[in-house]
Every structure is written in C-alpha cells, then in structure tokens.
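S.K.: Top to bottom, those sequences are chains A and B.
Residue 201, in our numbering, is where the first sequence stops; the numbers in between run on with no holes.
Residue 1201, in our numbering, is where the second sequence stops; the numbers in between run on with no holes.
Treat the hints loosely; a few may be bogus.
What the hints assert, rightly or not - Partial list, derived from the structure: chain B residues whose beta carbon lies under 10 Å from chain A: (1) Ala1116; (2) Leu1121; (3) Glu1122; (4) Lys1123; (5) Leu1125; (6) Ile1141.
If you're looking for bench data, these hints aren't it; they were derived computationally from the structure.
For every residue, glycine included, the Cβ atom is placed at its ideal position computed from N, Cα and C.
Protein chains: 2
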Amino acid sequence: MPALKSAQSLDKLNGRTVLVDMDNTIVDWDAEFIRRYAAACGRDPQEVEKIVRNRAKFEIEENFPEAERAKVLETVASPGLYESLKPLPGAVEALQALVAEGVDVKLVTAPHPTCAGTCALEKYLSVEQIFGTAFQERLIITRDKTQVQGDILIDDKPKISGCKPCPWKHVLFSQSYNQDVQGKVRLSSWTAWRDVLPRAF
Amino acid sequence: MPALKSAQSLDKLNGRTVLVDMDNTIVDWDAEFIRRYAAACGRDPQEVEKIVRNRAKFEIEENFPEAERAKVLETVASPGLYESLKPLPGAVEALQALVAEGVDVKLVTAPHPTCAGTCALEKYLSVEQIFGTAFQERLIITRDKTQVQGDILIDDKPKISGCKPCPWKHVLFSQSYNQDVQGKVRLSSWTAWRDVLPRAF
Chain A
1 MPALKSAQSL DKLNGRTVLV DMDNTIVDWD AEFIRRYAAA CGRDPQEVEK
51 IVRNRAKFEI EENFPEAERA KVLETVASPG LYESLKPLPG AVEALQALVA
101 EGVDVKLVTA PHPTCAGTCA LEKYLSVEQI FGTAFQERLI ITRDKTQVQG
151 DILIDDKPKI SGCKPCPWKH VLFSQSYNQD VQGKVRLSSW TAWRDVLPRA
201 F
Chain B
1001 MPALKSAQSL DKLNGRTVLV DMDNTIVDWD AEFIRRYAAA CGRDPQEVEK
1051 IVRNRAKFEI EENFPEAERA KVLETVASPG LYESLKPLPG AVEALQALVA
1101 EGVDVKLVTA PHPTCAGTCA LEKYLSVEQI FGTAFQERLI ITRDKTQVQG
1151 DILIDDKPKI SGCKPCPWKH VLFSQSYNQD VQGKVRLSSW TAWRDVLPRA
1201 F
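Okay, chain A solo, but in the shape it has when bound (with noise of 0.2 Å):
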C-alpha cells in the first residue's frame, strides 16, 4: 500500500519548519550565470556551462582562473541577474505541497556581498513572480542561517557555518561541488520530496 505509506511518512512534516535556500536549490542561478558570463566574455555558452555545472567548488569565482575573477564578480553582481532566475524542474510545486500539508515553508537566502542591497530587493521580485505576492512575507534574507530556527534547512551549499550550532538538520540539495559529502539526508531532485523530506526528521 504505497499511497498509504506515503500519507502516513507525509504526517511527519506536519507543523514542522522546512527552510529552504534560493539560489542552486529554488531557481536555476547557474543557468543564467552562464548566460551572462558567456555574452560578457563573448565565449561559447557551451563551453561556460561545462566550467559552472561540473565545478568542484560552491564559490562561482573560485573554478576560474584567476585573470578572470573580476568579470566573474562583475557578472555576479549585474543588474537583474537575481530577478531573472527560472525555478528548479518541481521546486514550486514541492513548496506549494508543503505549505499545503500544514508546513511552516521560509525561504532562508543569503545576499551576495557584491550587492546586497539590489540583491535582497531583486529576491522579493523574484518571489513574487515564481509564487505570487504571499510568498514574500516567507522570504528571510540574512548572511547567517544558523540564527534561523527550523526543522530542517535544504540548501546546496556543502558546509553551512555561523555565529550559532545549528538549530536545524541540514539536507543537501545535490549540485556538482557538494558531491563529495558525506553523512547528510540528500535531496537530488525535487520530485523526490515525498521520500527523502519524512527521512530527515
């Protein structure tokens, strides 16, 4: 009896707090940085996605040589590039579920310190146009996510550290540079919510 199986491990989330990271776990951020870098550079798009996409490290600047950090910082920090992010294949619907089965859904994004400040405005845009206006009161912008109380926090990044231990477990939500860690619930697509959230509690 699968669909009964399912609804009981579902019953878990119930009343939980789910935090959830923006960039490389919500919306694509690597597809539309190997836009724009690639046009900014005048290089093949093909050639970039090979470089973003198999990096070993999280730090986009850190997989380049080091003459071209600069653009890359530069590409980073150019204006609408967090406002014209495209959503992960399921990632919407997943959080509509969630927020639908009586979860505490926030979405829990630290501001790239090349710009703050647009950053932060163009991720309220961004949330608006994905998830509607409501979505953004569940919006928390901060660079320290260990002060946020949760369940759980899902985000791509290999190692999450802060003022505080941390308040929740952390899920990795799998990407090229975080695939060497070990010992953690993992999240490798969105589709597969159902199995793997109720494991992590």
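Here the structure of chain A is known, so what remains is to put chain B in place on it, guided by the hints.
M.R.: Coordinates of chain B only, in the frame set by chain A:
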C-alpha cells in the same frame, strides 16, 4: 565604585546575541514620515508631528481618519523613505560599543508589506550609510522575528508574535504607542544602554 560595577555588568553581555529592530528603535522613522506626509498633503508639519509622535497605535495608518489612510500608506511606500532615515540619538555609538564588547549584534527588521522589495534594498543602503559596509552582514530581513535566535530583541513594537515561541527576551524601546505595556525591561534612550541591557539577562 561605579566604574567597576559598570564593567562587571558589561561582562554579562560578552558572547551574547543582541537583536535590534531598526524603525523607531535605531532610526527615526517618524521624522521622515512626518516630513513626507505633511509635504504630500500640504499640511503643517507640526500638526502632523503632534499626531504621529503621540499616537496610541503602532501601525501608523490606524492613527489617521479612514479617509486619509490610503495617502498614509502611499507615503510609507514612497521611494527613498527607508534610505533617508536618520539615527536616533546615541544609537550608532551604542551598537558600535556593543560590538566592541564582544556582542553578536544583529539588526532584525521586517520590510513594510506595501513595499517589501524596495524597503529591503533601502535598508541595506541605510545600514551602509549609517554604520559602514561591513555592518550590512549584520542585517536580517524577516517578517517573523520569532524565528531568529538571540538572547534579547530590542524593539519598539508592543507585542511581537510569529510562528514560534519567542526565543529571546523582548526589551521594549520606548515610544508613545507602547507606554501602557507592563512587565518588560524598557530602554527609553540609547544613552542608558549600559545600565539597562545587563539587567535584561
């Protein structure tokens, strides 16, 4: 030995997390609203000041007749308001001294729902102007302050509610609309922080 006593009290602060609201706690939101609302309506600023500075209700629009509320909210959302706010006396010195004492100071602020995105942008610009770029890392933007971990929250709002039980102790920053609140440690001026804050723990 008042100097020694004061030093001993301040020891209590080291390593603590002090969350601080912005509008009407760190910056004089009322002053800029009064200026803009009087200009928008062609009214005497002193007349508007009397209403605003003596108001009984926290939400600004609730202190004006029904017919004026749309204009009030339009003023709240007017571009540049949150970027123009000036610090309250002693606020900057107090927060810098707290940081020097080894306190984890975070600014925790809710964007106004009429202008959430631009409000967030302007709050980053405002923090940069008032405290310098490095302080932007201390900004946490959230509608729900009960999800932010800390030892105390200094805030002018009479009652702070959200999804969680409050994890911090609420120190009330005095304003006209919170005069009747009993049973909370009260900070009436930033110049008094050395005496008041150690008593809050």
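S.K.: Now tell me if each hint is right for this structure.
M.R.: The hints, checked one at a time:
1. Ala1116: Ala1116/B check passes; min Cβ-Cβ to chain A is 5 Å, inside 10 Å.
2. Leu1121: Status holds, d = 4 Å.
3. Glu1122: For Glu1122/B, the interface hint holds, since the closest Cβ of chain A sits about 8 Å away, which is under 10 Å.
4. Lys1123: With a minimum Cβ separation of about 8 Å from chain A (threshold 10 Å), the hint on Lys1123/B holds.
5. Leu1125: holds, 5 Å
6. Ile1141: Since the shortest Cβ distance to chain A is 4 Å, the answer is holds.
Of the hints listed earlier, there is not a single one the structure fails to meet.
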